[in-house]
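Can you build the whole structure from these sequences, using the hints too?
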Amino acid sequence: MDSQIEEIKSKLNVLDVVGSYMKLTKTGINYRGVCPFHKEKSPSFFVNPGRQIWHCFGCGAGSSIFDFVMKIEGVEFGDALRILANKAGIELKRENVQSRTQRQRLYEICELACMFFEKQLESSVAGKEAEEYLLKRGITRDSIKKWRLGYSPDTWNGLSDFLISKNYNREEIVKAGLAIEKPARNASYSDAGGDGKSDSYDRFRGRIIFPVFDLNSQVVGFGGRVFKQANEKDLPVSATTKALQAGTAKYINTPQTLLYDKSGVLYGLNNAKLAVRKQNQCVVTEGYTDVIMCHQAGFENTVAASGTALTSQHLIILKRYSENLVLAFDMDMAGDSATKRGINLAQEQGFNIKVIESYGQDVKEAGSAGSSVLKDGKKSDPADIVLKDAKLWEESVSKARSIMDYYFDSAFLNFDKNIPEGKKEIGNIILPSIKRLPNKIEQSYWIQKLSGDLMIKEEAIISELAKIKVDFHSKEQPAVDFKKNVVQDPISRKRLLEEKVISLILKNPDYIKLIEESQYSLFSEKIRNFLEEIKKVVLNQKPVQEGELEKDFKIIFDQKILNAELKNFLAALTLRAEIDYQEDGQEEILLCLLYLKNIELKHKLDSISEDIKKAEGERDHQKVNNLIGEFNTLTKEL
1 MDSQIEEIKS
11 KLNVLDVVGS
21 YMKLTKTGIN
31 YRGVCPFHKE
41 KSPSFFVNPG
51 RQIWHCFGCG
61 AGSSIFDFVM
71 KIEGVEFGDA
81 LRILANKAGI
91 ELKRENVQSR
101 TQRQRLYEIC
111 ELACMFFEKQ
121 LESSVAGKEA
131 EEYLLKRGIT
141 RDSIKKWRLG
151 YSPDTWNGLS
161 DFLISKNYNR
171 EEIVKAGLAI
181 EKPARNASYS
191 DAGGDGKSDS
201 YDRFRGRIIF
211 PVFDLNSQVV
221 GFGGRVFKQA
231 NEKDLPVSAT
241 TKALQAGTAK
251 YINTPQTLLY
261 DKSGVLYGLN
271 NAKLAVRKQN
281 QCVVTEGYTD
291 VIMCHQAGFE
301 NTVAASGTAL
311 TSQHLIILKR
321 YSENLVLAFD
331 MDMAGDSATK
341 RGINLAQEQG
351 FNIKVIESYG
361 QDVKEAGSAG
371 SSVLKDGKKS
381 DPADIVLKDA
391 KLWEESVSKA
401 RSIMDYYFDS
411 AFLNFDKNIP
421 EGKKEIGNII
431 LPSIKRLPNK
441 IEQSYWIQKL
451 SGDLMIKEEA
461 IISELAKIKV
471 DFHSKEQPAV
481 DFKKNVVQDP
491 ISRKRLLEEK
501 VISLILKNPD
511 YIKLIEESQY
521 SLFSEKIRNF
531 LEEIKKVVLN
541 QKPVQEGELE
551 KDFKIIFDQK
561 ILNAELKNFL
571 AALTLRAEID
581 YQEDGQEEIL
591 LCLLYLKNIE
601 LKHKLDSISE
611 DIKKAEGERD
621 HQKVNNLIGE
631 FNTLTKEL
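The numbering of the sequence shown is the UniProt record's numbering, which starts it at 1 and goes up by one.
For the record, the hints were derived by calculation from the structure and aren't laboratory data. Even glycine gets a Cβ: it sits at the ideal position worked out from N, Cα and C. Take the hints with a grain of salt, since some may be wrong.
[To be verified] Once the Cα atoms are required to be at most 25 Å apart in a straight line, the calculated PhoX-like pairs of lysine-lysine come out as:
| no. | residue 1 | residue 2 |
| --- | --- | --- |
| 1 | K449 | K399 |
| 2 | K467 | K435 |
| 3 | K23 | K87 |
| 4 | K417 | K469 |
| 5 | K9 | K93 |
| 6 | K340 | K424 |
| 7 | K435 | K424 |
| 8 | K166 | K119 |
| 9 | K145 | K250 |
| 10 | K23 | K71 |
| 11 | K136 | K119 |
| 12 | K440 | K457 |
| 13 | K145 | K128 |
| 14 | K435 | K469 |
| 15 | K435 | K423 |
| 16 | K424 | K467 |
| 17 | K9 | K87 |
| 18 | K535 | K597 |
| 19 | K250 | K182 |
| 20 | K26 | K9 |
[Unchecked claim] If you anchor each label on the Cβ, the simulated ranges turn out as follows:
| no. | residue 1 | residue 2 | range |
| --- | --- | --- | --- |
| 21 | S518 | G60 | 25 to 35 Å |
| 22 | E181 | A466 | 47 to 57 Å |
| 23 | K41 | E122 | 43 to 53 Å |
| 24 | Y520 | S463 | 56 to 66 Å |
| 25 | Q443 | E181 | 46 to 56 Å |
| 26 | G60 | E458 | 40 to 50 Å |
Written as structure tokens, this is what we have:
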């Protein structure tokens, strides 16, 4: 196993692994980005390709590529190992079936189910009909293959029986979301065609199947679409399909499982992430076919929030790649709709949001560029527009308007700006959205615009804005600024000073000689032990030149005395040494030592103050006098 881990490390670059999940910008010899593990605006996440490490100075996360995948995918080491092995093209040694994790087995079940559905589409009679339906919708055979579309047979246990034959049990199939547990003594199920014997039946029956993938293109769930209509005399329809169509939706999806959470999965992002990063823009649609048709026409920065509005988790994922969103779905802005809540979240997180105008319910001009309104008054999907005229869709995206412009247009279209009541209603619609904008300059712009459009003084707008209370869904966790000597609680400030000393020593190991023996007691035990080990290494080495960071790093890192925890700690602080570089490191260390001494003195003074109070309560006057003398002596050292 160790040899395979080292092989994976040798074949994968930390920059490529991390960069496949988030947007990184080169800064010197490092790369920087917004941390995906906590909310921040100022990037504090760094990747160093030379040392193959990553670290966030805002939340403290950092280490190897395995730790990154474990954290960002929410998986254990074994699953992270498998994900990275796939990326590296390495086949892991077969594990004992019993030792595989539940998550691993669910991945296997979903992959086998996907293969089963693909085969059914390709070779069964009903599958051929489903394929013909897809082709008529404009989806090419290449796209069918790329997106691994399939067909679920119109039977109660076809998939389950196949998976059981592959040594998976019904309980696991249910946990994968592919089967539904049968209620006890379910007569209607038996009457509808069930065998009345098994404890579950297939969830997807007689439907076109759209596999849903995670960011690593692993199958985690499925969507199923009905394509036969019971009143179509030219198509054979079974009793199962008729029963299905009588009481179910056109689409059904995998429920919440260990692998699939619709609030955290964006359909198509596995194929779109590179284009989103390259174009610095993501187009968000509603459906599977919208994504497939857009990609097929070359608009590969398209994803779908299938079955749900945009969620906080969706936005966290998208922000790794771009902060520019173009929304291409019906904008039901009435009340507290899910769509509106999703947009509010995106505004709070600093996204630049645009809307393809024709999808706004208040914009009804058919025939304009990007119009989604057909002649019969029904709105067409992006898939229909792309199929009809790809250039029209391209123009629609390029002419998408900002969400604030959309709010303005919608409000002014529905209310009369020339009467007091209309002005008030327009303000009620627009002001909360202005309030949510995190940038004060942007807020000021829209305040001025609203003032001009309503012909009302800015002071009145600002006054009303101050009255509005907005429920902010996302609270930013402040990142630590290591370049400022901010006043913090003593423990936190001491830790920062200690780490600052070590980072400077890593920049020039000879700085360790500036710390006197008596000053080692100023440091916490962990840091003190670490400094002592560095001192041993430095004193046993030949003198090194300041700036030989690669050499200095290797000298200390190669020592067997350092355990894994200290090595990770060392790697993070070495990265900080480069980022937080000081010309006069010697003066910085001496200043840090002075601050550490003051913290220690204040801690002692606090302790003596408590002892004085206790002695006074005990009426021990001699002890009180001695303690006061000690207190005064220490005070002079501050």
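In rising order, the numbers of the hints this structure does not comply with: Structure breaks no hint.
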